[in-house]
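All chains should be built: construct the whole structure from the sequences, respecting the hints.
Protein chains in written order, with this note's numbering: chain A, 1 to 516; chain B, 517 to 1467.
Some hints here could point you the wrong way.
As the list claims (entries may be wrong) - Which stretches of chain A does chain B cover? Using the computed rule of at least three CB atoms under 8 Å from a CB of chain B, they are:
| # | segment |
| --- | --- |
| 1 | 102-113 |
| 2 | 203-209 |
| 3 | 275-282 |
| 4 | 288-294 |
Claimed, not checked - Here are the in silico distance ranges between beta carbons for each label pair:
| # | chain 1 | residue 1 | chain 2 | residue 2 | range |
| --- | --- | --- | --- | --- | --- |
| 5 | B | S1193 | A | P282 | 29 to 39 Å |
| 6 | B | E1448 | A | R157 | 33 to 43 Å |
| 7 | A | P282 | B | L1210 | 18 to 28 Å |
| 8 | B | V1101 | A | E104 | 53 to 63 Å |
The hints are simulated quantities; they were obtained by calculation from the structure and are not laboratory data.
Cβ atoms here follow ideal geometry from the backbone N, Cα and C, with glycine treated the same way.
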Amino acid sequence: MSHWIIAPVILPALLAAVTMLAFRHHILLQRVFSTAGTVLLLAIALGLAVSAAGGTVTVYDLGNWPAPFGIVLVLDRLSALMVLLTAALALGVQLYAIGSGWDERGKHFHALFQFQLMGVCGAFLTGDAFNLFVFFEVLLIASYGLMIHGGGPRRLRAGTQYVVYNLLGSTLFLFALGTIYAVTGTLNMADLAVKVGELPADDTALIRVGAVLLLLVFAVKAALLPLHFWLPESYANAPAPVAALFAIMTKVGAYAILRMYTLVFGPEAGIVAGSFDAWLMPAALLTVAVGMIGILGARDLGRLTAYAAIGSMGTLLVAVALFAPGATTAALYYMIHSTFATAALFLVADMVMERRGADGVEIRAAQPIPQNGLIASIFFISAIAMAGMPPLSGFIGKLLVLDAARDVPGATTIWAVILVTSLIAIVGLARAGSTVFWKGYGIVTDETDTAPAAPTRGGGLAFVAAFGLLAPLVGMTLAAGPVTAYLDATAAQLYAPDAYLDAVLSGTPVKAEEAQ
Amino acid sequence: MPLYLIAALPFLGALLPGLMIRAGRNSCAWATGSATLLALIGLLTHAPAVFRGEVIQSRIEWLPMLGLNANFFLDGLGLLFAGLILGIGLLIILYARFYLSREDPMGQFYTYLLLFQGAMVGIVLSDNILLLLIFWELTSLSSFLLIGYWKHLPEGRQGARMALAVTGMGGLAMIAGMLILGNIAGSYDLTVILENREAIQGSDLYLPALVLILLGAFTKSAQFPFHFWLPHAMAAPTPVSAYLHSATMVKAGLFLMARLWPVLSGTEAWFYLVATTGLVTMVIGAVIALFKDDLKGLLAFSTVSHLGLITMLLGFGTEAAAAVAVFHIINHASFKAALFMTAGIVDHEAHTRDIKRLGGLRHLMPITFAIAAVTALSMAGIPPLNGFISKEMMLKETTYAVWAGNAWLMPALATLGALFSVAYSFRYIWHVFMGPARGDYPANPHDPGFGMWAGPALLAGLVIGIGLAPFVVEPFVNLVATAVTGQDPDVHLKLWHGINAALYMSVAAIVGGAVLLASHRGLESVWKRAGPPAAKAIFDAIIDALVRLSRAITETLHDGALTRYAAIFTVAVAAAGLHAYAGGVAGAPTRDMTPITGLPFIGWVLLVVATGCVVAFHHHRLLTLVLMAIIGLVVAVGFNYLSAPDLALTQLSVEVVSIILLLLALNFLPEFTPRESTAGRKLRDGVIAAVAGLAVTGLAYGMMVRDFAFPSISDFHLANSYKGGGGTNVVNVILVDFRGFDTFGEIIVLGIAAIVIYAVTESLLRGPVRQKLLERQPNHALAGDAHPLMMVIATRVMMPIALMVGVYIFLRGHNEPGGGFIAGLVVAIALVMQYMASGFDWAAERQRVPYHATIAAGVLAAAFTGIGAWFNGLPFLTSDFGYVRIPPMNEFELATAMAFDLGVFLAVVGAVMLTLESLSRISRRAGYEVSEYPMDINPAREDGTPQGEGR
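Okay, structure coming up:
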């Protein structure tokens, strides 16, 4: 019996609890243990990814109760990938939080951080719809705590909106689960897939409502228009490392959509045809548009990044909404890319704001900040990535998405929206970047060469973290071939769910080849 | 040297300048130059093979799924362009070494320059159009950095942004075009695409692909109406202008048109789009150039004009015209790069580029004058220079072109363009160098050092050399033209073509140009009055409008009103749900309706009335809380009535705890919520709420009147609760065993909620709120005795009983209604009562368990119970149970689930108490007195005076 699958959930939970119990007043110990824990999580995630790479679906029956009666965790290529992504992002973000001193500005940063990781990893690993709800709650409440970390009126106000809006989503989640359970009598995803496939014609109206409501819940998390309203304010006002970590939170929504709507309400499940597929793509396109327009219209760097996050989620959801293996490969590639790019952009925004002082949030000229060139280069790289310009992964991701959308109805619209909004993003980012990083030199009068005072915080570790988050973008570009090959296999596994179903419902690991 | 290495060398070299600048400016320039030189040598080693007609290839698989591969190939066209890029690059590096001042960060400059160079070499060597796209966009990005190099200049920033916006737009259009093109050809490899002319031109998608690709080429090569970015890019340092905006980057568009010439050209669409655009650009550019007072502005528009000329030649679609285009590309690169460098020299030495402030420099800067004169005359097309030959050939080609049945339009307009070209070329010589020397230059102009004029001088030599001996380059031109068109055009380059139409046109242009220059002053005043508006103003207005529009959209959409967000949410959800429902089939009810009996009816009425009252009185916060308590109680009773005692118990204790905590919080809030909604908004929200409520009702009804479509999993739980879980209370076994993992998650949620509340209070109390609290006046006069005797006594008496009840509920949980969650709430209530009676601090002093630790201990207990199963080789949370007998007790059951439940218990107690603690910290800050004694009036105390009298 291998227990490694559950480690990404148990490890952060234990770590957080121990932190609260033993050294809640000791920041150094918190940093050491929390970082060690995240490193360990990354190692475990790597191990899981390797074990899932061969196509094996591994199932973990919690409490030793067989599916569908107990809760199961399921490790396949997709869940392993998502956990790995989470761990890698978390490590970078955590180092930045420590390097910039953000973790000291309120109580319980590290405990909440680990709880958050637990929630995210659990959401990726679980094979049970209700358990997914539980992990959504864990990550929601932990993220709320992190969001208002450090306090301040603006942040608290934004936090209230965040939590209230997401509680609306949670309530809807319960409605959806109730509906689905009332029809099928089960909550295990694999079992649901089987049951939905065999559903009598009389029950289709209710199951369609359930499927759509559930999708809307995930859409809230994924910031799909018009359910994205929680995002701009909260991301713009959240502490930077937290906002950077939140790059994975929207992906939880995207992941859940991919999982549930390939496995349970997949393309073969004809009974949901004509429900969400009628509006998902237009909504995703609108999301791209509103996000990218927001970049151009943003008055401060925080919002700029928040809207960039919305825009990239839109692009991702466009690929998701195509619901075909090639498109899903593109979606996964873009998802990894956008996670790191968004996170890096949030960190740059923070570096600027920290150095500019109290009124430096706005996009306007100010005295050049210390380390202007270095920070400008991080901004330039992450902006390129975000806008989907070569040579970084954003461009390849966008090419993959465009390529995947080539033969579907409405391809022209999809292409036009993605390309035109890219231009808007480029213009917006160029404006913001040149104003923030260049324009200040124009107003310097006599002290151009006097070295500005060294920054009070945000030394080496913060930069290591920021560049560390950009490294995967470079890696994904150089190794685009192997990466897409792996993602292609991941997507293929999603669209051939037999192995998943067999593994969960028979309780033994099943290789994809054997299942077919 | 393999081709990928040639393309990679500048990129690798880009790492050097930033480091080498520490060793000095010369080392930096040398390092930069050697990277370029190495690449150039590598390129030239392939030259013999290319001249033999071979095509050198190098292939690396990159992203095979998409067809994006790092494939390169080198033929004549690639050799020409790569040679231009690297060769002129070398000269520019030399020139820039002396051009840049000490204040300019040279390391950055050379880094950007090499990045750009690499991108350009990549474009011209790519054998994969997706790879080409990558390099294409890279040139936009690196030129953005180069144009904005002087960060302090607003022109630099704006020019950089404008260039990026325009060329970026073209690049994005080209992405679409290339994807379509590759799709038609079935491959993204150029070598394959070039062999599929019929398939491509026969496809329905040919026209969209052509238009999109041409958008890319036209924006990059500054063709009308996208020409306006180029002059503004002149804010860059002159080496950049000379390199990017004359010799290389702006030729990328021409390169692309030449590269794809075999498959795209020859159609009517191609002719009308390309040749017309080229002609218009040529004339307009030439006209504007004449009226530019900025030296670099003049050269910029002359570049626009010449790019138009070459575009037009490519647009003709004949092999001969294409060969002329190739020849003119070579000539233009030679004279224009040199001209830019001379402009830079003038600027560098005279400290101005304004023609109006110059003149007479011939005496002061003879070398510069000589170079400028030779190259400018070549630009004007004066024999015996190379510009003359290609201009003659161009004019000749126009005489074959028929535009919409009109045979004279093209030659006439081309002659007009040439005429203006002569005029501005002459002006460059006449108004800058000729005439008397002036005494009011901003600086003392003199010839620069050798390093600075060596490059342009070399190019001027080429200008003369090619002009006098064109046959030397003839094989090369034929080679390149063959690469472009696919067949040898067999061009013969001669200085003297005899007396023909082209010669007449040429003479007309020269004479007319001279006349034009002579009347420049008069023409200029006309131009100033009637000339076209500045493109920059239009561009800026468009961008500003876009920004304003974006801002308006963004800020209108996200106005920060939570109520509106919630309304949109509700409407969206209801609409999507109804839409989904309408598309499916809802079968007839399978369950009978139960008759309405007394108790449920009363409960229903209470619920409805209480809910209605909440709507009516929600401004009164305390009253709302009471009404909510009623609703909660009715729900609890309902649970009990529907045979769910566990839920009823839970609901009851949750109600008690949450009402107490809410009361504490209400203490610090105004009694009434302000009335803010207008009648219209109330109506809107009322309608939305009603519709959503009805939809939920319908959904619930739909669920309740039908059975499960399949046997539900509950049957298994009922059957296995005792057998497998060791408990007869199925609800509890589900909570701690079947779905213990959910519970594990939920106690963590509870714990997190508590520490979040703690953290919020902490940060609140550190902020401005603290002062507010200190100054706070309570809404009402407080009761005289804060800690009443009766209450204290009663709670003390109740505490052991309540604790006992808690333990009892905990222990019976596995088999009877109860369990850790309820027990935790009951115990928490027992403790909360003490706090209420005697005040938080008094009670806290007597009970020193840190609640953080209680929560953590709970989570750990639950987790370790789960982990315990690992040692038996079983999954997390696998339970075990057995029956033990400890005399004198009866046999009883011990289950690991109980340890898990203990974790739940601890987490619940800790969470409630921590919340209470956090809230009472606020009240302490608000000036409530801390009581030394358990109660205000103590009969046992000597003084017997009430504490806190007068409050």
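Status of the hints after comparison with the structure:
1. 102-113: holds (count 5)
2. 203-209: holds (count 7)
3. 275-282: The restraint on the segment 275-282 of chain A holds, since 4 of its residues have a Cβ under 8 Å from chain B and three suffice.
4. 288-294: Check passed, 3 qualifying residues.
5. B:S1193 x A:P282: 29 to 39 Å: This hint holds: roughly 32 Å between Cβ atoms.
6. B:E1448 x A:R157: 33 to 43 Å: Distance hint for B:E1448, A:R157 holds at roughly 39 Å.
7. A:P282 x B:L1210: 18 to 28 Å: holds (27 Å)
8. B:V1101 x A:E104: 53 to 63 Å: holds (59 Å)
Against the hints set out earlier in the document, no violation occurs for any number.
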